[in-house]
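J.: Residue-level listing of the chains:
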Amino acid sequence: MIYINGRGCVSAQKTFDGSFPDEVIAPEGYILPVVPPPYKDYIAPAMIRRMGSGVKNGVVASALALQEAGSPDLDAIITGTGVGCIKDSEAFLTAILENHEEFLTPTAFIQSTHNTVGAQIALGLGCKAYNFSYVNSAVSFESALVDARLQLLSEEARTILVGGVDEKADYTYHLFGLAGLIKTGEGTPGASYSEGAAFFVLSTDKQEESYGMLKDVAVMNCLEPEAVAPALEAFLRRTGTALADIDAVVIGKNDDPQFQEYYSVLSGGFSPEVPVIHYKHLSGEYNTASAFGFWLAAGILKSGYVPEAVLLSGQPGLSPGGAASNAATLGKIVSHEEASHRAANSETAQSGAAIRGAAIRGAAIRHILLYNQYRGIDHSFILLSGC
Amino acid sequence: MGIVSAIGNTVEENLRSLVELKPGISRIENLHTVHKDVIRVGEIKRTNKELAKYLNLAEDNNFTRTAMLGVIAAREAVENAGITAMDPWRTGLVSATSVGGMDTTERYFKEYPGNEAVRRYILSHDPGDSTHKIADALGIRGFITTISTACSSAANAIMLGARLIRSGELDRVIVGGTDALSKFTINGFKTLMILSDAENTPFDRDRKGLNLGEAAAYLVLEPEAAIKAGNKRVLAYLSGYGNANDAYHQTASSENGEGATLAMEKALQVAGLLPGDINYINVHGTATGNNDLSEGRALINIFGDRVPPFSSTKPFTGHTLAAAGAIEAVYSIFSLQQGLIWPNLNFRNPMPEFDLLPETTLQKKEIRHVLSNSFGFGGNCSTLIFTAAHDLH
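Chains Z and B, in that order, give the protein sequences. If you count the first sequence from 1, position 207 lands on 207 in our numbering, and the numbers rise without skipping. If you count the second sequence from 1, position 147 lands on 147 in our numbering, and the numbers rise without skipping.
If you're looking for bench data, these hints aren't it; they were derived computationally from the structure. Since this is a predicted model, take the numbers as computed values, not measurements. Every residue, glycine too, gets a C-beta built ideally from N, C-alpha and C. It is possible that some hints are incorrect.
Unchecked claim - Straight-line alpha carbon distances no greater than 30 Å define the calculated BS3-like cross-link-like pairs of lysine-lysine that follow:
| hint | chain 1 | residue 1 | chain 2 | residue 2 |
| --- | --- | --- | --- | --- |
| 1 | B | K208 | B | K228 |
| 2 | B | K208 | B | K22 |
| 3 | B | K53 | B | K36 |
| 4 | Z | K215 | B | K266 |
| 5 | Z | K206 | B | K266 |
| 6 | B | K228 | B | K266 |
Unchecked claim - A few chain Z residues that face chain B, going by a derived Cβ cut-off under 10 Å, partial list only:
| hint | residue |
| --- | --- |
| 7 | S89 |
| 8 | G126 |
| 9 | G187 |
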């Protein structure tokens, strides 16, 4: 069995201190800014200035996950990153082109390699264990999960730090707009984008505070919409789970009007009351946004409730005698500025503001299915189960 | 297996160049760089146009050089393995690349906003793009992924492939890596002052740094059961693999070679072999001051005063970055098949720090186990062990 013993996330929501999902930041614009965690609590000041945002967010997210898991010894660090350290790549390439290959300094080049995040985490921890970085667009994080799962099941490893991280870079994101990946205006193709990092401690050792179990993960490079249902069926068969056992579905739906058929086909296969959960309207799209989905799903498994802010359709079976409203937790929506201000001042975010979302406490959510794809390719299924 | 490198466009050509001791280091021709008269490279002497024509690509294709080289080598690997269809076997692809489609990105980067015609290349920058194109060319649908751990990438792709086969996750997996020369990497290594202006001289006292190269190579891995059922010809066995992190510095290796030592230890353990079982080591041997010292110390850590015959084949091909682990896997398998140890070209004077002498002539010898090292930025250290086909039966 593979247990999720810790999680950490830096994103466009206040995931780093657990304020999300009770507190939700309303997205503004098509490139959502990350809510900065207190970097100085995790990284030496001189390093903060030098590190790219992917490295910084990766270091913080991994520190949070390790802290939750009780700082275990690691047998592997496995990172997924779609665009890698794109900001340093962009900076070095720009310098090459603008200075005609003269007067260059190595710093940006050194930090531009795709395995910089995994390497810096290892360096910070002094961890000499196995260290891999996967860079296959929207299945980068899932590839890392596949690798981690195989090592844990074969008992080659007992505890693994695994995560997904991507960063934004201004010119590259401008190019992504030109290429139709990022929405540039109302009704244009593309999705709202962001950046972020989510890391997890997976282990064969169950802990008191484990979130749940990673049952299986599958990656497929291409699928036609009509092949989604058969692929899901094959995946579930492999895990020995029936479709009817799935208590919630987490989908990687974004706000790009294209490629939505995959999700409607998938959720159409479940009874209407099964909660369908989405998150990219709050996290934004990026190659490893699905690691945010994994972070969210792990939280739902542990808490047993689906926050309204992420509930797309359906409702969980309610616990006997407990109506949804009775079990509601307070949710509020704040602006990015307010959240950043609070984060900077390390305040707890429990007071004030309007009550908007009502979280719905369901009967035990035992099995959660995650499905993600990006622009019709790089599909993945993940099955998580309660402990 | 399949390979395209500066010393040949096919498996056969690569073998011939090795046997005839013909290195592929030259002046750069296919890429415009201000450093063209200073640096020497392991360049494949085929232009992008020629590669596109060879692959029958449409005029408006968005293949990078990295992707084209990858498709050529992966196709040869599949053909040589006698594979005519991917079904019904669950077939995967694990490919490695360092900078993905940088070769086209650096050409059009500033042009994209103003020139719609070249924008189709924006999305081929993604490192996964070359992997997807190879998968499409081979008809692979299912598990595909890309690994980027700098210069150890392809060794790690081979390692993941082994894990996927051993666990029964896949019935067959095509593993390897591809990297094209780019201004980005040329200037990157230049700023680090580890590019040599002469032919690279691994493990030499006066070594001045590396020559960059470009290449792609892929291997087809299948489990024992499939081999028995299909009555196939086995080229070699991947018997051991190990990965460790030096956790010392982002770009430099530790002086005592700790990461490399751990990687070799793990690989020997997985293979169930003792250091004395290794007959030849294809070292990483980049000819940088730092690598060869660190790797040499690691060899002594593992083998003591009985270091087996070793050589770096980078004087033949240049350092092909993310592809290097796969290129050297092919050369290691050649060694097993031919009973030959490749010479470490350009070697003159031993390093003062230790008594290690690489092989300097082509040698005939029975070889049962070859150990191959690949190390990369980020402290990434990888070791693979290949065993002769006749040796496990």
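J.: Please go over all the hints and tell whether each is borne out by the structure.
T.: Against the structure, the hints:
no.: 1; hint: K208(B) / K228(B); verdict: violated (49 Å)
no.: 2; hint: K208(B) / K22(B); verdict: holds (21 Å)
no.: 3; hint: K53(B) / K36(B); verdict: holds (26 Å)
no.: 4; hint: K215(Z) / K266(B); verdict: holds (28 Å)
no.: 5; hint: K206(Z) / K266(B); verdict: holds (27 Å)
no.: 6; hint: K228(B) / K266(B); verdict: holds (28 Å)
no.: 7; hint: S89; verdict: holds (8 Å)
no.: 8; hint: G126; verdict: holds (5 Å)
no.: 9; hint: G187; verdict: violated (20 Å)
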